[in-house]
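**Student:** Spelled out, the chains give:
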Amino acid sequence: MSSKDTILQRLRNRSGGEITAPDCDFSVLRRPDWSTGEKLDLFQKMIESVHGEVHRTTESEWVGVLAGLLQSRGARTMLVSPVQKIGLALKEAANSRDDLPDLLLYDEAIEQWQEELFTTVDVGITSTRGAIAETGSLILWPSADEPRLMSLVPPFHVAVLYASELYATFHEAMQAQRWHESMPTNALLVSGPSKTADIEQTLVYGVHGPKELIVLVIE
Amino acid sequence: MNTTAEQSPHQIDVKEFHPRARAALGDPQIRKNFRNAMNGLMSKRTAAFEGWDVETLRDLGANVRMRALANLPDLLEQLEQKLTENGVRVHWAVDADEACRIVRDICVARDAKSVIKGKSMVSEEMELNHYLHEQGIEALESDLGEYIVQLAEETPSHIIMPAIHKNTDEISKLLHEKTGTDLSHDANYLTASARLQMREKFMNADVGVSGVNFAVAETGTLCLVENEGNGRMTTTVPPCHIAVTGIEKVVPNLEDVTALLALLTRSATGQHITTYFNMISGPRKTDELDGPEEVHLVLVDNGRSTIYQDDQLLDTLRCIRCGACMNHCPVYTRVGGHTYGTTYPGPIGKILMPHLIGLDEGRHLPSASSLCGACGEVCPVKIPIPDLLVRLRQEAVDGDRLHPGKVKGHGAKRSSVEAMIWKGWGLMHAKPALYRFGTGIAAKFRKLQPGKIGGWTQYRTAPALAPKTLHQRMKERQQ
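So the sequences go chain by chain: A and B. Just so you know, we're using the numbering used here here: the first sequence kicks off at 1 and counts up by one. Just so you know, we're using the numbering used here here: the second sequence kicks off at 220 and counts up by one.
Since the hints were made in silico from the structure, they are not lab data. All the pointers check out, no bait thrown in.
Here are some chain B residues pointing at chain A (derived, C-beta under 7 Å):
(1) Met285
(2) Val313
(3) Leu409
(4) Arg414
(5) Thr438
(6) Gly501
(7) Leu508
(8) Tyr527
Note that beta-carbon positions come from the ideal geometry of N, C-alpha and C, so glycine has one too.
Only chain A is shown next, with the shape it has when bound in the complex:
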């Protein structure tokens, strides 16, 4: 008998008999109908409490805000998607302005340029699929257009969030976006920069992932 059959048989022939499944009432997770403004305030408070940085801006101004933030950090290269909306906007902006770092497009498989990504790229810039107010979490669904490592390997991660895509809770976001129907190969909630407290509970940022997380909220 295979191990699978052995395990399943043991579970199915349970000596204690059948277990009654209790009902699960998820209403305790529900929050009031917050306005976008309230959700944004809470989101900002929560993500700032874990060292995330939030800048409220507009569709026409965010590139300028980004340029200023990256200049102040001395960033030399930024990694963007070659096809996604945010990436396209930056590609276009890079033609007309000289205050942005060098633009790098994530357009070939990681195997071709892993060393470069790990050692030379300063900033990864990604879109988001909304965010969660209650916990201050960004929702990221990396894809072929916006690969997984963009938000992980560079020391700075900039995420662009539309305020209209804020949800109160994880539960609400998941239901509204109908996640159960189809999940991507990788989905993420990101709440602040990478951190550890493994050395005598001293909080340190940027242990494996980004040292800083900057969120540009487009209102």
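Start from chain A and add chain B according to the hints.
**Tutor:** Same frame as chain A, now just chain B:
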């Protein structure tokens, strides 16, 4: 503590609990490290649940876990089917040895020589690193705490904070000796140098091994909770990702995860959420530019299906491995994680390990508790840990006719003298005449009472028997 620290886990004799406890109690550094850490974790947990209806949330957590366990075999099959559709290969392991062999075979098939690991308690249970090392495959821990513990050739002393028993000075010296890092008390510097060393390893690793916090059957999704990003690195950078998990980790719906996640991070570290919540549903698709080309899931039983048989013991399997029970345990806080000598220390270890290693090996575990009940009160999925401790204590002495022992190694602590004494006690209390006779004799010959009664009189004076029994005194009053 230091004597065990130098030993590898499989050399530790779990039965030697008392000498280790004594050593830990006499070590001010250990006492201080744990006391400080546990105080911090307890207050952070309380703060994180502020404004929540915690009892209702815990009820939901318990129900979600119970519902999953009620349908466990079906859910496991559904999970396998969904994952297979998504391109993930699923393996089943009856015990830790088989699980180790499955991981090795995957490595061998890929000609893999180096494995990078995210934090996984099941892999600790399997002693996977040790096994792979014997097979000529190097496994490196990437969680900073696990990395420190691995460099020190120790085992984790806490399931969430593996290196909590070490202070900065000890870690600084360790990193200096083993990796050539400069001596420093700056946690930022120490972490930054570990980051650099680890990046090399991530780039060159052939296989990444991780644990799983929740496995969702309806979508075939593996969920991982972490702060450092090493879990994402482990599951994204190497060309092959192997996830190992206990069979009890499956839940039916994605929705279930929202409740368990809300409970897990708040209970564990007092965080509203961890930095990363990573949901993996398949390997890299042909048009994707990164991610592993191969993803495997190893479902490990290792004694869980035995726990599953009994209605009371079943509650043990609700555990979501948050560690809140140890953070709040007065015994754990004083003796530290290594004293237990087991993969899972603290209250959850005391109710889980006897099933994995047997009550003969783990005979002291259920007794290493004051039954104060703190663990049961904070458990996010309401596992009645104190009740289970009492049950296992009964099992250790083989219980009675109504509660016969079932757990592996039951009856290990049974002594025929003790059993006879209790039998006599039972008989005496069932027959009034015998009771009066017995207490009367005891009162009469009270001068012969021994002054020392084993452990009882170690810190107390023995209670003196009264010259008259209560029955005699009541009778005199009535006259």
